[in-house]
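Here the protein sequences come in this chain order: A and B. Quick note on my numbering: the first sequence kicks off at 1 and runs consecutively. Quick note on my numbering: the second sequence kicks off at 446 and runs consecutively.
For the record, the hints were derived by calculation from the structure and aren't laboratory data. Every residue gets a Cβ at the ideal spot worked out from N, C-alpha and C, and that includes glycine. Errors might be hidden in some of the hints.
Unchecked claim - Pair ranges (Cβ atoms, derived):
#1 B:870 to A:330: 27 to 37 Å
#2 A:140 to B:1124: 29 to 39 Å
#3 A:259 to B:1111: 56 to 66 Å
#4 A:140 to B:820: 31 to 41 Å
To be verified - Not the full set, but computed from the structure, chain B residues with beta-carbon under 10 Å of chain A:
#5 679
#6 731
#7 776
#8 1024
Said to hold, decoys possible - Calculated pairs, SDA-like style, for lysine to any residue (alpha carbon to alpha carbon, straight line, at most 25 Å):
#9 B:882 to A:382
#10 B:934 to A:382
#11 B:981 to A:410
#12 B:934 to A:354
#13 B:786 to A:293
#14 B:981 to A:232
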Amino acid sequence: MEIHLIRLKETHVMKKLIAIPGAALLALAAACSGDEAADRGPVVLEPGSYLAVVTTDYSVTAVSVIDRDTGDLVNENVFDSSSSDPGVSLPLSGDVVLPNDKPMDGTLLLVDRGTSNNSITLLETTNVTVLGQIQTGPSASGPWAANPHDALLVDGARLYVTRFQQNPSPSGASSDFDEGDDVVIFNLATQEIAEQFRFNTLVDGGSRAAPDRLALAGDYVAVTLQHYEGSGFTGADDALIAFIDPATEQLVDTDSSTGGIQLLRIEDYKNCSNMSYLESNNTLYAVCSGLFADLREDQTEASAIVAVDMDTVASGDAEYEIVLEGSHEDIGQPLSGLVIVDESLGFVLTYGSFAPFENDFLIAFDPSAGDGDPDPVFESSGPFQLSSMSYDEGTGTLYVSDAPFGGPYAVRRFAADTDMDELDPVDPSPEGGLGPTALGQFEVE
Amino acid sequence: MRTRSHIPQPASRMGSGLIVSAVIGAVLACAAAPLRAEAPAVELPPVVVERERAAAESENPRDATGTVTEIPREELARPGENLDAALDRQAGVSAVRLGGLGDFSAASIRGASFDQVLVFLDGIPLNAGLGGAVDLSSLPPAHLEKVEIFRSFSPVEASGSTLGGALFLTSREIRDNRFAARAGYGSFNTVEAGLFGTAAGEKTRVLAGLDYLHSRSDFSFLNDNGTPGNTADDFTQRYNNRDFDRLGTLLKAGHDLDSSTRIVLLQDLFYREGGLQRGGSVVADRTRLQFFRSITGLELSRNGLITSTDTLRLQLYNTFARSEVEDFGGEIWGFPQDTVKKSYTPGGAATWRGEAGRFALTGHLNYRFERYTPRHRIPTVFTDGTGDRHGFTAAAGGEVEIPEAKLLLALQYRLEHDRSSFRPANTSNPLNPPVVKNDETGHTVRGGVLWKPSSSFKARANIGRGLRFPSIYELFGDTGFVQGNPDLKPESGLNADIGFEASRDSGDFEIHAGSTFFYAKTRNLIQYARSTIYSKAENAGTGTIYGAETSLSASAWKTVRLEANHTFLDTKISSLIPSRDGRKSPNRPPNQWYVRGSLFRDSPVPALDRAELWTETEFTSAHYIDGNNRISVPERHILGAGLSLQLLERRLDAVFEAKNLTDENVMDVMGFPLPGRLFFGRLEWKFI
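Using the sequences and the hints given, assemble the complete structure.
Next up, the structure:
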């Protein structure tokens, strides 16, 4: 990268200067003014299939791109925290995630959860230019920290956003849509909120919904609700899943035998997050991680992968089953990331631990096998390293982000067949030195 | 690959840089050359014979060979300023601010990290064992007599060695009977008021000071709405929760027990209550921070204990600090907090200094204990606990003067030991660390030489090691998302400098110039590494800093004065953390200039005893503000001007200042804009 060449030149020059006698001369020789902004070359992605990798040091963020057909790094910085002049915030903060669902063709969404940003960036993928950047916590008195956890483009005009945070100072006017702890739909033409789904009357008293991830599941948009007790993170009730019908923009009642709208309650499991929808059996899979504030055994007990039969959601009598538990004797850890390849193969990541010291695992499992029949595939070198997965149907490759404390960083690749051979890993940020935290696929036509 | 940088590229600027340096180098040479020519006249025998330690006489008594700057009270207590502003005007010192007057500020010396700079008030260490920088906004300049900047090294009587220098703050001194009152007003409804009085008897002296500052601090800034990529939604916003009230009191009492023994009691209280911002586009409307600190010191000094010239100083001290953050809406952290953090730091020190002929010896012992107790009144992810730290220092320093060679040599040795432990309140949660301890011992040595061939020229050089012990926070984390690392080693490094000073005073003309080249290499640099959820401090790297500071002041006809200083700095980090490796340290501008021009006149008209009109400018070159060197801020020029008048037989002082006249939008730290144009005025009446 050009920036490193500059640094080497500078060092070389200064070494020469040191040889000049007299500290004053040295000081003043370096005192020349004048800035030179390094040119940012244009980005052009050829038509193809790509993997977007969010890399970060948790202060700044860059998006790198891997060619899914070749497995090669195409560009380690197609968009980053310096992509436009910073104001009081950066174009991208250090807390950016990619959507749970694969984006629409031609667009890439970046969900910026940073407390100063709370924005969604829509990128056009061929030249990686900004189509729009939307503040998710708008209000007349200035933005509030909505903490968006996910975004989903259902069509070219409507953007669904989960707002995890409650607004500490809402205006009180329902037309302002500024309460938070909700799902809102932005009209992309106006970049204003067109619809809001609040869950405050649908969750247990004293709890908040804490909407997390979004997935398009058949005809519905599924929303995982982490359902925390009170305003902190020290207690949680049973995890909930809400369903929205995008055709009517109404919440779906998952239990028509009772009055009012009912959310799907995942009893005894907490903190559901990522989802994966399998069209072949019209089933939505969601992973619940348990509560981090609990003792580790309790967290593991409350962790599982659930499969929701979407036909039963449509019929108003939603049913689900547990396909894998974190407490399974071959796992014994809370579960995190989730990929479902087909009805008999899925992958899940686990959370390791500092005390006792346990590494993260990538585990293959069979969603149809009753207890999941888990099979560890890969063990990280430390806890809390494996955070995101993405499965490429075209090449049958599973990508896993691996970001240890202090590196080395890698996007690991596995041939998702019976042998699960590990392919050559890819360093997504060889010059920038940033670790991968989120993966997402996109296409360039 | 896309990169973007505002950072100046020295390679492309060499031509103009050399021309500039040649011109100003010639000026300095001109200043120094006549002085050398005068050297024989100064080297008259009586100077050498009568004073065996003549070279040390005019140097800082704590550090004769070091590069020390003393900022007098007149320069510290300018209206509308915190201590950071006076420091920022000095060569080699760079301050950062998180906003306006009442907001956190810290100083870096010669590119060191902010927590590597030691800060003392009347010898009492103020750096918290928890870690982090000392908040300079909590030290009202009105209560300070002077500030001494010890660059790169700390004097023997400091409680520890340093990697980043030391700031020795001296509280107002007890002189004759005095009483003064002052009041000021400025932009953003800033109100200041102060009372100061001393009473001096034959053996007993008392000093009392009170300093009050209030500001609404509701300045405006351009809010990018969290979407810098979308300028259409930008708007101008005014802060509504930056207001603060600040009250400081200083009480000092001294009593002469006999002709050679004196006891001094110090009590410094500070209280601040105000709004707290997290920075960025989201403005916190309700979050408040209260901070209270008490510094108590009792010092007994005795002259002539062993020899006729020696001094023994015994000191007992205690600092207590309490901060409380009330964020019931979760504006700052995303979840509600009502957190009280307290720390107690009792300690004691003994310093002996004696001189015999051409020799001087200093010995110093210091012990301090610190207990840190955070309490979260609203359950959060954090678990409460107690952090303890015991620190012990034994140091000895010697100076020898060689008059024949006009040399003064200094050597310093220091033994330091720190023992830290943390005891979580709830050990049943395995995520919490058990009771953990860290014991570290370090030795440091420093040598220095001062060559003073004449009273108008001197050169100095120093080299030595320094340490920074890992903080309680770095060792034990916060029981939340920051994991502890009790195996951390101290940061250790080598500092070196070499420089000269030259001056000439020919009655109508005075000129003083100096320049110092400095170098620092720090190993076991403590940096935070992060995985997907947790952060952990690691001894991850090596930091290298080199640079130069140059200062020039000149005055003519007792009417015109020009002061200028320049700091050049280059830093490089080698780190095991890939995102930091090969990068420059953030917030370290490669070039900083300060230039001040003033016109002054004593008694220009009847009843006006002195008038001074000045203008000043600060230039800061473009620099990175993130550790990955991805984000940079452009260069900035800040222009100011002021007028000061002394009237009525110097009983009335009137000062009017305008800062940032061109209303630049600037930030020291990402997300924390600084106020724009500011006006302040102050009147001070001396009754006695």
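Results for each hint:
In this structure the supplied range 27 to 37 Å holds for residue 870 of chain B paired with residue 330 of chain A, their Cβ-Cβ distance being about 36 Å. Between residue 140 of chain A and residue 1124 of chain B the Cβ separation comes to about 31 Å, which falls inside the hinted range of 29 to 39 Å. Under the hint 56 to 66 Å, the C-beta atoms of residue 259 of chain A and residue 1111 of chain B, about 59 Å apart, fit the expected range. Taking the beta carbon of each, residue 140 of chain A and residue 820 of chain B are about 37 Å apart, inside 31 to 41 Å as hinted.
Because the beta carbon of residue 679 of chain B sits about 7 Å from the nearest beta carbon in chain A, less than 10 Å, this interface hint is met. Because the beta carbon of residue 731 of chain B sits about 7 Å from the nearest beta carbon in chain A, less than 10 Å, this interface hint is met. The criterion of a C-beta within 10 Å of any C-beta in chain A is met by residue 776 of chain B, whose closest approach is roughly 6 Å, and the hint holds. Satisfaction of the interface hint for residue 1024 of chain B is found here, the shortest Cβ-Cβ separation to chain A being roughly 4 Å, below the 10 Å cut-off.
At most 25 Å may separate the alpha-carbon atoms for a hinted pair to count; residue 882 of chain B and residue 382 of chain A meet this at roughly 23 Å. At most 25 Å may separate the alpha-carbon atoms for a hinted pair to count; residue 934 of chain B and residue 382 of chain A meet this at roughly 22 Å. Taken as a hint, the residue 981 of chain B and residue 410 of chain A pair is honoured in the structure, with Cα atoms around 20 Å apart against an allowance of 25 Å. Restraint check: the Cα-Cα separation between residue 934 of chain B and residue 354 of chain A comes to about 20 Å, which is no more than 25 Å; the hinted pair holds.
Note on residue 786 of chain B and residue 293 of chain A: the hinted pairing holds, with a Cα-Cα distance of about 22 Å set against a maximum of 25 Å. For the hint pairing residue 981 of chain B with residue 232 of chain A, the CA-to-CA distance comes to about 23 Å; that is within 25 Å, so the pair holds.
In this structure, none of the earlier numbered hints is contradicted; all agree with it.
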